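Enquirer: Grab the two chains, each in its own frame, and use the hints to assemble them into the complex.
Same order as they appear, the protein sequences are chains A and B. According to the working numbering, the first sequence holds residues 200 to 502 in order. According to the working numbering, the second sequence holds residues 17 to 336 in order.
No lab work stands behind these hints: they were computed from the structure. Do not take every clue at face value.
[Unchecked claim] Take a look, some chain B residues computed to stay more than 12 angstroms from chain A by CB distance:
hint : residue
1    : Ser52
2    : Ala58
3    : Pro85
4    : Leu132
5    : Ser184
6    : Ile189
7    : Phe256
[What the hints assert, rightly or not] Now the in silico label distances, taken between C-beta atoms and shown as ranges:
hint : chain 1 : residue 1 : chain 2 : residue 2 : range
8    : B       : Gly60     : A       : Asn271    : 40 to 48 angstroms
9    : A       : Gly255    : B       : Leu316    : 53 to 61 angstroms
10   : B       : Asn280    : A       : Ala346    : 28 to 36 angstroms
11   : A       : Gly255    : B       : Thr116    : 51 to 59 angstroms
12   : A       : Leu203    : B       : Lys237    : 31 to 39 angstroms
13   : B       : Gly55     : A       : His408    : 13 to 21 angstroms
[Stated by the list, open to error] Facing chain A, a subset of chain B residues (Cβ under 7 angstroms, in silico):
hint : residue
14   : Cys67
15   : Gly112
16   : Gly113
17   : Thr175
Please read all numbers here as calculations on a predicted model, not as lab measurements. From the three backbone atoms N, C-alpha and C, an ideal C-beta is built for every residue, glycine too.
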Amino acid sequence: MRSLRDRWRRDRVLLLLALPGVTALLLFHYLPLGGHIIAFQDFQPFLGVWHSPYVGFDNFEPVFTGDPVFLNALVNTVIITLIQVIFVFPLPICLALILNATISERLKRLAQSILYMPHFLSWVIVVALFQQMFGNGGMLNAWLRSADLATFQIIGVPELFKLMITSQVIWKDTGWSTIIFLAALSRVDPAQMEAAVVDGASAARRLWHVTLPAIRPVIVLLLILRLGDSLSVGFEQIILQQAQVGAGAGEVLDTYVYNHGIVGGDWGTAAAVGLIKGIVGVALVLGANRLAHALGEQGVYAK
Amino acid sequence: MTSRPAAAAAPVARRAARTRPRSGRGERPVWMGEPSKLGVGARGLVLGLGCLAVLVPFWAVLVTSIASPEEVNKAGGFVLWSNEPTLDAYRAVLSGGIVTRALLVSAGITVVGTALSLVATIALAYALSRPGSLLHKPVLLMTLFTLLFNPGIIPMYLTVKQLGLLDSYWALILPVLVNAFNVIVMRAFFQEIPRELRESAHIDGAGELRILLRIVLPLSKAVVSVIGLFYAVAYWNAFFSAMLYLQSPEKWPLQLVLRTYVVNNTPIGADQLSSSLENLPPQISVQMAILVISVLPILLIYPFIQKHFAKGLMVGAVKG
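Here chain B stands alone, though its shape is the one from the complex (with noise of 0.2 angstroms):
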């Protein structure tokens, strides 16, 4: 299985994002003409369907679990707007119940994973990024062949039993410590860093570990975040693994949580909040407070990342 090479597709990428137009309103190229006003506006009407089909159910599912109980009663269910707002679901679930409980276990497997994660990926597709050198035509083909096939649930759950992970965090964080494709990813990038920096480092007297550290990483930052947000994201979202490896309740993860106190609508009161609100607030607040708290993390990140994608940083990693 040949490569071929990622580095051909992304500088011409890189090149036709330099000659578009800086500016916001962008300009035509004269040779378009100018476009139909029928074209424009189908074309307004797709986007903006679109944007609103991902839109409504966030704003739904945020102004329900801040509308105070009368609001949540009259409407009978969802509300599209809150006069009189109110934390309450937010305190209730945030007072140190499952919930709670649940959220720092998932804060917790994201930040560990996706530092373990980055590490061994970032030593990987460094050593995979310099052709040449002892066996780097195996690794990288063992690297590539596992895109090709999935283990299957059952020979990774006895896997995963026989190393004695079951009922362990770390069975969420060791199966999927490396994804290949984002090797792959990593790897196009640091080939495209020209490699006189990095002789001339040599040169200089410095390690392959120097050299990464301080030539190749800085140059990188642009990639490795992305790459970081692909892996926290995969920890967060994790749900079915932690349903087949985790067996006690009390060790769940919020998606687990969600899972089953908001899918499978599960009651949830006081002794599963452990909450001291003499009141508990309607019981589609409280669950719309779990979503929003789970989604969250991901929307707070995601505007400083989502600059990146743009960059033409895929296109080299399609053809791996």
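Chain A on its own, in the form it takes in the complex (with noise of 0.2 angstroms):
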């Protein structure tokens, strides 16, 4: 081992420049979390982070008593993450299995660099387009109405807006998700794949034998990452259109926080519900990341 000496004259090119990135994850990430401490405090904006008296675990009320409306948000974030969860996360797979199975490989890419696409428009031009065509005045009641049917109003609809997002996020990232399947599709050993037509499998017995177990890794992955994330559902998404339909049925715990606190000034009991989130986040990821482990998978990162 060389001296601390010797180190720090070789490396100091290298710790100079993760500078400028540490500084901001810091400041950004670490920083920011000091800022939970405002969950026991009965915070005063003009009296700030450092002046504003201690009130313990009063802020947590809310959440401890079970008050409605946060259970609202609670059930609500529940409800669309199991949502998608059932209905979005299994179409990447089925949509990446349909392109590998293409064989033309210009109509394969063209395919892909079209339904990649809509993963890089903002929310705020999904859902413009989703009102565009959806809307009572978008382009689907306009055709009904020239036809002479029944129109639909879609928009604005409690009872629908679970399903509206959901159909959102299927639209915007379905094919983006893609990707990363079709890169474990690849590494599929064309071997294995022959000898199981030797042995006379069917297609689907090679489905069941032979792909998806080579792509097993990547789908618990990705559904750790997924449930470590089921309390963010969207909040860009439903902020924009959660006027339409109240805070019923559109309010989620994201929502919940920035409505009470930064538009509210309930500041306490949006950072509490805010910290409960975060830790209850983290706890998923861990414990999903574990069952993987107990399952015999990889999972996010060895044990």
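Expert: As structure tokens, then:
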């Protein structure tokens, strides 16, 4: 081992290179963690973090006593996550299998270019597009009217809100999410496939016994990441459309924090809910990862 | 948290990509046999419908933005074909009103932000691509750990406020300057460059900075352009940070204008557009023109970067 001085002389340029990035991460990822302290304060903006009085766990009351407004946000969040894990998560896998089975490279590349694109549009644009397509004056209803058919009110109906945001997620990200599965599929061993064919395995059997096991680690990995994100469901997407359906259908945990804290001025409660959400989020990732290890998978990081 | 080396995965993917036929048509391996007509048809149908679902809204928006007022009135909203296209809506929007200003703001934030982000990300990724260097492990862990949690809205707001960045454009850039995921992707790419290249340059007397600029970066054009696209798109698309941190409407970027006048349907008139046109184009054409303008830059850059996506670039990064 070289002496510290030697290493410093050798690596100081590297450290200098790391400095701007490290500073940014410290200032905007680690320093804000200190801001969670206001979850235990009766925070007054004019007093600031340093001088606001401490109130113990008072701010956590809505969480512990099951305040209906909070519960509603929690339930909406969990329902949306469940819908998306069950109905949205498998779609890119299916689409990747279809793309992978497309032999013509040119056709495949064309389809990929088109299908990836919505991922790069902002939520404002996606929401605007959906409104223009499905709103009361939108394309669908205009067409129905011109054909003298009954029109549908889709936008602004609380019962359809979850369906709406789920379709938006599907439209925006299904194509892009195939990328990772396609990469995994390209690593399926052709020799194994050939052997399976020689042994008389049908296409369905090959899918089940060769292809899917080969991409299982990636599926598990992405599922873990999604579960770790259970309590975050498309904040920008929802805050844009919440006004149309009201808080009953449209409030999720993130919007609760924003609406109560920054809009409503109830900083303490909002920070308390945010803090709990953060802790549960980290616990979910670690828990899901441990589950993956228990099932013999690699997970996000090795043991 | 030990990172499983990304290096293991990427070359495999690349090798697999090489063995695949280069020709456009592609060749079916012998063992596959002929696919059933039904299977091919079903696959074609899914891909075709998927692509239509992406393309039709764009088409409708584009045509409506250039349709003449008569055509818009006749259709009662969307127009799918225009016989007398006009650029009046664009003229109205780009003649110096709120949309023009927002466009300049967004462009400025995107250019400055992307440049700064790339510099900081490349530098950090290069420093982290050298295991065994001083403080390598703590810096790597610190970077990886930020992937696990997100500071939350309220603490972020308080931090930005404490740092005196409220209502400043820097509030839209500095908090998202470095994205750990992008650092890890880039680091994986740097680590794939044979170390002999670096070492021989070192023996020839090149310093770290010179090695980075003259050897590593020229070999990393693909990863730099893809990560650059990620950052640029994020800056261009940022909506909530602008809503949270910017208080004066005259500082609004395009996404906030889009939300106000297109999503929320706030009427947009001569006052907002400061247009000299005598008759303003129909409201919906103006709205669609704003929408097209906010999508266009992404559509223009996308084809140049898209070709890099398939190169197994992302694979390495999955295992952070």
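Enquirer: Give a verdict on every hint.
Expert: Each hint, compared with the structure:
1. Not every CB of chain A is more than 12 angstroms from the CB of Ser52/B (nearest about 9 angstroms), against its label as outside the interface.
2. Separation of Ala58/B from chain A is inadequate, the least Cβ-Cβ distance of about 9 angstroms not exceeding the 12 angstroms criterion.
3. With 12 angstroms as the threshold on Cβ separation, the claim that Pro85/B sits away from chain A holds: the shortest Cβ distance comes to roughly 16 angstroms.
4. Distance to chain A contradicts Leu132/B as a non-interface residue, since its nearest Cβ pair spans about 8 angstroms, not more than 12 angstroms.
5. In this structure Ser184/B is separated from chain A by more than 12 angstroms, as the shortest Cβ-Cβ distance comes to about 14 angstroms.
6. Against the 12 angstroms criterion, Ile189/B falls within the reach of chain A, whose nearest CB is about 10 angstroms from its own CB.
7. The beta carbon of Phe256/B is not kept farther than 12 angstroms from every beta carbon of chain A, the shortest such distance being approximately 5 angstroms.
8. At about 44 angstroms, the CB distance of Gly60/B to Asn271/A agrees with the hint of 40 to 48 angstroms.
9. In this structure the supplied range 53 to 61 angstroms holds for Gly255/A paired with Leu316/B, their Cβ-Cβ distance being about 55 angstroms.
10. Taking 28 to 36 angstroms as the suggested C-beta distance range, the pair Asn280/B and Ala346/A conforms, at roughly 29 angstroms.
11. At about 52 angstroms, the CB distance of Gly255/A to Thr116/B agrees with the hint of 51 to 59 angstroms.
12. Hint check: Leu203/A to Lys237/B, Cβ distance near 37 angstroms, so the stated range 31 to 39 angstroms holds.
13. Range check, Gly55/B to His408/A: Cβ separation about 18 angstroms, and the 13 to 21 angstroms hint holds.
14. Here the hint on Cys67/B is kept, as its CB sits about 5 angstroms from the closest CB of chain A, short of 7 angstroms.
15. For Gly112/B, the interface hint is violated, since its Cβ never comes within 7 angstroms of a Cβ in chain A; the closest pair sits about 23 angstroms apart.
16. Checking Gly113/B against chain A: minimum C-beta separation of about 19 angstroms lies over 7 angstroms; hint violated.
17. With 7 angstroms as the threshold, the beta carbon of Thr175/B comes within range of chain A, its nearest partner Cβ sitting at about 4 angstroms, so the hint holds.
Comparing the model with each earlier hint shows violations of hints 1, 2, 4, 6, 7, 15, 16; every other hint is respected.
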